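Student: The primary structure of each chain is shown beneath.
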Amino acid sequence: MDPVEIIQHTTGGVIGLSWLMIAFPLVGATILLVFNRYTNRWGHLLGVAMSLASFVVAVLAFVELLGLPEAQRRQAVHLWEFIPGMVDMGLLIDPLSIAFALLITGVGSLIHIYSIGYMSHDPDRRRFFAYLNLFVAAMLLLVLADNYVGLFIGWEGVGLASYLLIGFWQFKPSAAVAAKKAFVVNRVGDFGLLVGMFLIWTTFGTLAFAELKPITAENPTTLAIGLLLLLGACGKSAQLPLQSWLLDAMEGPTPVSALIHAATMVTAGVYLVVRSGAFFFPEGSGAALAVAVVGAATLLAGAIIGCAKDDIKKGLAGSTMSQIGYMMLGAGLGPVGYAFAIGHLITHGFFKADLFLGAGSVMHGMNDEVNMRKYGGLRTYMPVTFATFFIGYLAIIGFPLLSGYFTKEGIIETAVHAQPILGWLAVAGAGITGFYMSRMVFMTFFGEKRWEKDAHPHESPTVMTVPLIVLSIGSVFLGGYLILSNRLMDWLAPAVGAPAARPEFHFTSTTGLATLALVAVGAAFAWYKYGRAEVPAVQPRGSFLTTFARRDLYGDAINESLIMRPGQWLTRLAVFFDNRGIDGVVNGLAAGIGGSSGRLRRLQTGFARTYALSILFGAAILTGALLLVGNI
Amino acid sequence: MSSLWLPILMAVPVLGAIVVALLPKGSTTLAKQVTLLVSLVVLALTLVMAFQFPNAAGERFKFEATYDWIPSFGVHFGVGVDGIALVLIALSAVLVPIVVLASWHDADGVKAADGTVVAPKRSVKTYFSLLLVLEAMMIGVFAATDVFLFYVFFEAMLIPMYFMIGSYGGAQRSYAAVKFLLYSLFGGLLMLVAVIGLYVVAGQGTFMFPELVGAIQDPATQKWLFAGFFIAFAIKAPLWPVHTWLPDAAAQAPAGAAVLLVGVLDKVGTFGMLRFCLELFPDAAKAFTTPIIVLAVISIIYGAIVAIGQTDMKRLIAYTSISHFGFIVMGVFAMSQVAQAGAALYMVNHGFATGALFLAAGFLIARRGSPHIADYGGVQKVTPVLAGFFLVAGLAGLSLPGLSSFVSEFMVMIGTYSSEAFGSGALAAAAIVSALAVILAAVYILWMVQRALNGPTAEPVKAFKDLNAREVWVLAPLVALIIGFGFFPKPLLDVINPAVTSTLVNVQVHNPGVAEKGAGQ
Amino acid sequence: MTTNYLILSGLLFSIGAVGVLIRRNAIVVFMCIELMLNACNLAFVTFARQVGNLEGQIVAFFVMVVAAAEVVVGLAIIVTIFRTRRSASVDDANLLKY
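Chains as they are written, first to last, in the numbering used here: chain A, 1 to 632; chain B, 1 to 521; chain C, 1 to 98.
Calculated from the structure, these hints are not laboratory results. Heads up, some of the hints might be wrong.
Claimed, not checked - Once the Cα atoms are required to be at most 30 Å apart in a straight line, the calculated DSS-like pairs of lysine-lysine come out as:
(1) B/223 x B/121
(2) B/286 x B/381
(3) B/121 x A/172
(4) A/374 x A/172
(5) B/121 x B/465
(6) A/172 x B/286
(7) A/529 x A/453
(8) B/25 x A/172
(9) B/462 x B/381
(10) A/453 x A/172
(11) B/465 x B/381
(12) B/490 x A/213
Note that the coordinates shown come from a computational prediction; the quantities given were computed from them, not determined experimentally.
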């Protein structure tokens, strides 16, 4: 079944006011930035209030949408004429966008609240909340826009917010460099998205979702558009080959890593693919296959990187890459995959935010230490953090009946049926996930204390633990609720289309059991290496494979030798050419004229006799000429 | 029917300049206040005029006024505006008061925090009356409907700018000023030849633009005359490879003059291409499109790459402008409604964005006395407001969506890509290559931001003071315009679109315009 | 007859021209210029007599007037230069060069 038609929203109601969702955080950000230091005292409260207000609007819009029949569940709200004759600014309220809006504002609000505590000692806390609000507004525009241009504005808006927040502690050179890197790498993806939009506009004469028609068969143009959009998605979602920025992005404050670089922004690529699915990624097309391949490759790469990191946040970043790889894999598999991909996206939003905030809570108690080799035995000192982190851990490795189990199983199951090779790669990835996540838990919360001398670990304040608890509750129950009896699939069907056959969730399928077995093996191996044995406080020299993973699969090295260094040479060459070549010709011309006139000048000796002689010669030549011509 | 709007608009700054020049010696503050007042009056008049602009079909030029000037040669003092000229006049009128406010102390002798002389003390009255004279000429050049009058303003504009660079600029000001003058004069003389040739060949006995449209039919003649105009405009714009005067001029000029130079004066080049090159010589324009588009794409990429390698802030911004002018030229010659409207809009938005960036950089330089990026670092920590404005202006320079420059850049690229003017993939390829500048732009802006604003605070930077009220009032309106037009470009586009349509009618290309939207489906 | 007068005129002119070119004393150069002018006068008068009208003689008067005026200005300049530079050599007055 194709997605239902998008209808123009006419009546009032909350859907008509859905622009408030974006307006609230935008106003918050504007106030905090314009009245900067005057809002220092209450700025964080305003930020939280605006995010919560946005959440309330999202919930009300969701309720209103629930009350409508399926055929009317896709409503476009016209806002204003943007570029006359090309595109109007408007919002699309449909099951897909509302699901994202709920995730963004819900998890976003929790992270806002958490940040009150986490950033309480930072003199710039107000600015932090301004950027967070800006992010929420941009992300909502991204998912709510009813056309590609609006999506792109949000797309770059979240890129800007991400840039500002990664570089929040910009006085650290590493943070400044990481922020710039994130933006530039994202722009490579944006190039794809831009050119994709050129093609869409030229081919179909529109950029609005409502005017594009679902396709059943692929043609070269839609394949090209699909691949270009995929490039955009790779940039934003840190998929191969544009993955390198995400690990560096961990320079930002931890709530940022949780909200932007785990729960929401990095999943925008999945949103883009699912939103454009019916138009450019029909089931079984080359474009969809490319999405799935990229997803499978990234889920393995991310997992391998996660295995070797001692920095808890970088470990989690590798894991994020890997989990988004699962989502991309799902998004490349048509309507069945969409539901599981979005399901995994939502549950991942919960458990990964939970894990990141837990990591932040650990860092908060350990003087901002991120090296897991300097942790150990923390479970008794931070009971709440440990409990919530452990739930998140169980959810991500796919422990039966927790959230991650259902959504990840769903993707793997679908993949094994549709693309067996990719599916079994995903199974292997799940095993590696079991290893690296267990490694993280063992190194942090179990074993000997390996702390620095001045570390005094303590539980975080309530304002930080409450969001953790809420997120871990979601990590436990959400997956089962969404996947069992296909609730999410039915909800999304009007927006992304319904599969021909409804899948049944089997608790005892072959692949499911194989996955569980592999996860158990991975966890056991982690226990053998890091739980039972002593963890060395200094990183030991690893094997070839370990180094490979530690260096992020040489991603940075490849970028550096293939793009950065040649680029620097090219830049230097161009500058040299401009100064010496083009400007050299210009200045040379000027110097040539100046030089020759300088020589001619020497004829003016100042001796009256010389001038008289030249007059004489001149007169003689003139007379001679006249005589010769004979006209005299 | 003749309207007095435009003559008044030009007379006010001229009178203001005379008043400022005649003020008694030593009354510097009064001179500044009078200049600011006059420029604000011009702005108010322009806005009133813009709101009265009848945005309907019919006559191409509105607010027309034509007086005989040299009757024996058919030269008129003819003024009138279409939508494109109107928005460019409005741009000039907005930028001048901002520049006046920004240059408040430029002629007083600026000293950096550590005592280095940034700009020596000069005659304040002269500077501000030059500024007003320049404003009158900028309005005149966009308003001229007589080709000869256009030429006169085109050349005369050089004079005040020459003195503003040569007398009030940085260490190498005379080199830069002479280079600027000679380059422009060279182009201007070629254009003079073409103007006279146009008059003679057309044989209409008039220089009035509307009567000259379509007057030249012979393709070979068109090509020669086109070349004369185009080279002058390419130097002015500036287009690769005749661009090297701009970095020198912009880097040596005081920040305010640099804003007017890059923001308005250079637009005369692209404006001239759109108005004169295309409409007077449509066949030649079509014949030369391919090489020009190639030059434009080279400008886009080359300007961006060279900008990355700059160590001097103002030179860097100048090179980014070369890249942006490449976009404008590409849009003009893509010959489609969307691309040309985008190019016209780009001219305005680039004025705001680059203006803001130049001014923010100027404020930074005034505090340190050095344009070298390496002399800064960690500015954000000491002066967050200045750094914030700098960042927003920089983001406008890299065409961040949501800011005004994005709309125009997007329109230029998508309009070029989808242009059916030549029915080949060449324009699409040009659009794709130019889209690579999106990546390069992020590199040159953010690398500069990283080196100048981020990182540990450099020792001399610690003494910086944040923006004062005057400086905030300089940058805030620009930033407001950048963000406002980023989301609501419609008012500008509504004025620009009819003018572009009539241009394309004169060029006689098939125009895949608004009406045929969706035809591909 | 005419030929003789013209030869004399040519001789006088050549002497004057060579004098202007090789002498350094400003007064002598000046006198040589006068010599050239008078050589021209002689030629004019000769041709006037040969052709039989007065135009050549009138031109000769003009030349004399101009020469007189020239003497006034020229001598004044020479005297002034002599006062400031203590020299009447034309080679010493060579500031206007390059």
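Student: Indicate, hint by hint, whether the structure satisfies it.
Tutor: Going down the list of hints, with the structure as the test:
1. With a C-alpha separation of about 49 Å, the suggested pairing of residue 223 of chain B with residue 121 of chain B is violated against the 30 Å cut-off.
2. Distance check on the hinted pair: residue 286 of chain B and residue 381 of chain B sit about 53 Å apart at the alpha-carbon level, beyond 30 Å; violated.
3. Distance check on the hinted pair: residue 121 of chain B and residue 172 of chain A sit about 39 Å apart at the alpha-carbon level, beyond 30 Å; violated.
4. Simply put, residue 374 of chain A and residue 172 of chain A have alpha-carbon atoms about 22 Å apart, close enough for the 30 Å limit, and the pair holds.
5. Between the alpha carbons of residue 121 of chain B and residue 465 of chain B the distance comes to roughly 22 Å, so the proposed pair stays at or under 30 Å and holds.
6. For the given pair, residue 172 of chain A sits about 53 Å from residue 286 of chain B by alpha-carbon distance, which is inconsistent with the 30 Å threshold.
7. Between residue 529 of chain A and residue 453 of chain A, the direct Cα distance comes to roughly 25 Å. Compliance with the 30 Å bound is thereby established for this hinted pair.
8. For the proposed pair residue 25 of chain B and residue 172 of chain A, the alpha carbon gap of about 52 Å is over 30 Å, so the pair is violated.
9. Between residue 462 of chain B and residue 381 of chain B the CA atoms are separated by roughly 9 Å; this keeps the pair inside 30 Å, and the hint holds.
10. Taken as a hint, the residue 453 of chain A and residue 172 of chain A pair is honoured in the structure, with Cα atoms around 24 Å apart against an allowance of 30 Å.
11. As the CA atoms of residue 465 of chain B and residue 381 of chain B are separated by approximately 11 Å, the hinted pair is consistent with the 30 Å bound.
12. About 27 Å separates the Cα atoms of residue 490 of chain B and residue 213 of chain A, which keeps this hinted pair within 30 Å; it holds.
Going down the numbered hints, you'll see the structure goes against 1, 2, 3, 6 and 8, while the others check out.
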